[in-house]
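Quick mapping for you: the protein sequence lines, in order, are chains A and B. FYI, this note's numbering numbers position 33 of the first sequence as 33, with every residue one higher than the one before it. FYI, this note's numbering numbers position 97 of the second sequence as 97, with every residue one higher than the one before it.
Calculated from the structure, these hints are not laboratory results. Where a beta carbon is used, it is the ideal one built from N, C-alpha and C, also for glycine.
Cβ pair distances, simulated, as ranges:
{"no.": "1", "chain 1": "B", "residue 1": "Ala221", "chain 2": "A", "residue 2": "Pro268", "range": "12 to 22 Å"}
{"no.": "2", "chain 1": "A", "residue 1": "Ala239", "chain 2": "B", "residue 2": "Ala70", "range": "57 to 67 Å"}
{"no.": "3", "chain 1": "A", "residue 1": "Asn166", "chain 2": "B", "residue 2": "Ala66", "range": "39 to 49 Å"}
{"no.": "4", "chain 1": "B", "residue 1": "Ala247", "chain 2": "A", "residue 2": "Asp270", "range": "54 to 64 Å"}
{"no.": "5", "chain 1": "A", "residue 1": "Ala70", "chain 2": "B", "residue 2": "Met1", "range": "31 to 41 Å"}
{"no.": "6", "chain 1": "B", "residue 1": "Asp118", "chain 2": "A", "residue 2": "Ala70", "range": "26 to 36 Å"}
{"no.": "7", "chain 1": "B", "residue 1": "Gly216", "chain 2": "A", "residue 2": "Arg271", "range": "24 to 34 Å"}
{"no.": "8", "chain 1": "A", "residue 1": "Pro268", "chain 2": "B", "residue 2": "Ala285", "range": "37 to 47 Å"}
{"no.": "9", "chain 1": "B", "residue 1": "Asp118", "chain 2": "A", "residue 2": "Pro258", "range": "23 to 33 Å"}
{"no.": "10", "chain 1": "B", "residue 1": "Ala70", "chain 2": "A", "residue 2": "Gly32", "range": "35 to 45 Å"}
Derived contacts from chain B toward chain A, CB cut-off under 10 Å, selection only:
{"no.": "11", "residue": "Phe68"}
{"no.": "12", "residue": "Leu76"}
{"no.": "13", "residue": "Arg87"}
{"no.": "14", "residue": "Gly109"}
{"no.": "15", "residue": "Thr110"}
{"no.": "16", "residue": "Thr125"}
{"no.": "17", "residue": "His131"}
{"no.": "18", "residue": "Arg133"}
{"no.": "19", "residue": "Leu138"}
{"no.": "20", "residue": "Arg144"}
Chain by chain, the residues:
2 protein chains.
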Amino acid sequence: MRILVTGGDGFIGRALVHALRVGHDVIATDRGDGDIADPAHVDRLFAAPIDRVFHLAAVVSGAAEADFDAGRRVNLDATIGLLDRCRAQALRGGPVVRFVHASSIAVFGTPLPARIDDATAPAPTLSYGTHKRVAELLIDDATRRGDLDGRALRLSGVVVRPALPNGALSAFNSDVIREPLAGRDYECPVGADATVWLTSRRAAVANLLHLAEADGAAIGAERAVTAPALAISIGEIVAALGRVDAAAPARIRFAPQPDIEAQFGRWPRDRSFARAESLGLVGVASIDALIRDHLETTS
Amino acid sequence: MRILVTGGDGFIGRALVHALRVGHDVIATDRGDGDIADPAHVDRLFAAPIDRVFHLAAVVSGAAEADFDAGRRVNLDATIGLLDRCRAQALRGGPVVRFVHASSIAVFGTPLPARIDDATAPAPTLSYGTHKRVAELLIDDATRRGDLDGRALRLSGVVVRPALPNGALSAFNSDVIREPLAGRDYECPVGADATVWLTSRRAAVANLLHLAEADGAAIGAERAVTAPALAISIGEIVAALGRVDAAAPARIRFAPQPDIEAQFGRWPRDRSFARAESLGLVGVASIDALIRDHLETTS
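Generate the whole structure from the sequences, applying the supplied hints.
Next up, the structure:
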């Protein structure tokens, strides 16, 4: 199979490409080798028929808020461009692309609901989340029309990311784990009582691969699925850090920012991922497992 | 005020333009004088600053299903183009446009929910409804960012339209009233037990004007409002026709089409328009009032 991965040099992309290279012809693209919103670049990527697309390229939350045009270009225009390209390929009699979109729990906005399940209406309050939800809707319609066979996985905070900032306002999810364990002081932009939704890169990659294989009829007409996520308070994360390194908790100072807390620190514990689970998607077992995994990967 | 009305030569547009001409500088545009998806045409429309936009131009349900590219061009691309133009005007220090979008209950898809209220999650199943929902989301985000001050009114079947077909799959809503009363036989594509949501042109225009004046804070962050609609079965409509013209009911023959019934004939009686009503939006009192209004307008 010929598989295109956009955002292929990102935190999730690199691991996904690594997993896909076994047995497939993988075309990984990222900003280093071309602009995914540039039709000429997409022409080159689709020079030979593509069977599967994993669309991970994104300008993330904070960066898209700070530079609307940059976010719009990648998160909306480039996504529409890719869907158009898949449609054109199908109309020419080429393969109907299985299109897996990395969506986000940012499709849910502030104030975050007291419970989130498969019936919760997305109501984004960031440009990033808006464009992710728009992509989900366009993918549902394109799938219904037979232009492609789409799926969208709503990812929560995927941790532990490396220190290189990618502009995500949710970066604290990773920073609060990585920095104290590396012996560095860390100022956390949400309080200890803030609750976040997390998953691991391992689970995110496994779920993207699994959702790509899932039977379309089993997913249903609405192709966006919220991935299972661990709901945990920052205080609980700090306690877990202490179980690994007794000195780590003291390296954290709290300086809560209300806007960040409202969008990123008020995720409900009352949640259901019934659709995802029925499709075989997985979450992480515990914060301890997640931290252990991080230490094994980086040591 | 300088007011732009797109789709200004349509059934609703003509009545809206007529109402607005008193005291305002109204620029009405429709396909006869330019392509709303053509940036050069939009340049001309925005040559002088615009204060208010009523965006009614659309390729409606059936036409957009039959010709995806035509629907996409007007319903999605042109709408995004207009939002961009408003943003550009605001960024240049011009007026922040009050942008009123004619949305549609087609944002709700099949199977239609047993109850629809302000908490019902839109899940469109037509390209038309998908693009309407996408526009709503982009309008919410543009409003939040201050690019414009948007509002979207989800209209149900606006009747009684003239016989000229505009490609709406819901055209039967008007046809079933107009044709038998004009003495013509009519074949109805949904059964007598099908239930539809209706409003009048008078109510639609009043609501568009009223929503344009509403205080943004009273509407809230989600700017799409479902307009009050009469829920009524085709059988009840036929009975009302009989009260005006005893011979009219016999002119109707039923030939139900399952696809049409599923999207257009299964609207729930269990419904709430609480948000719309709190904003002062109105529906029609009864099917008899609606038919009387039609007869007075056409006689």
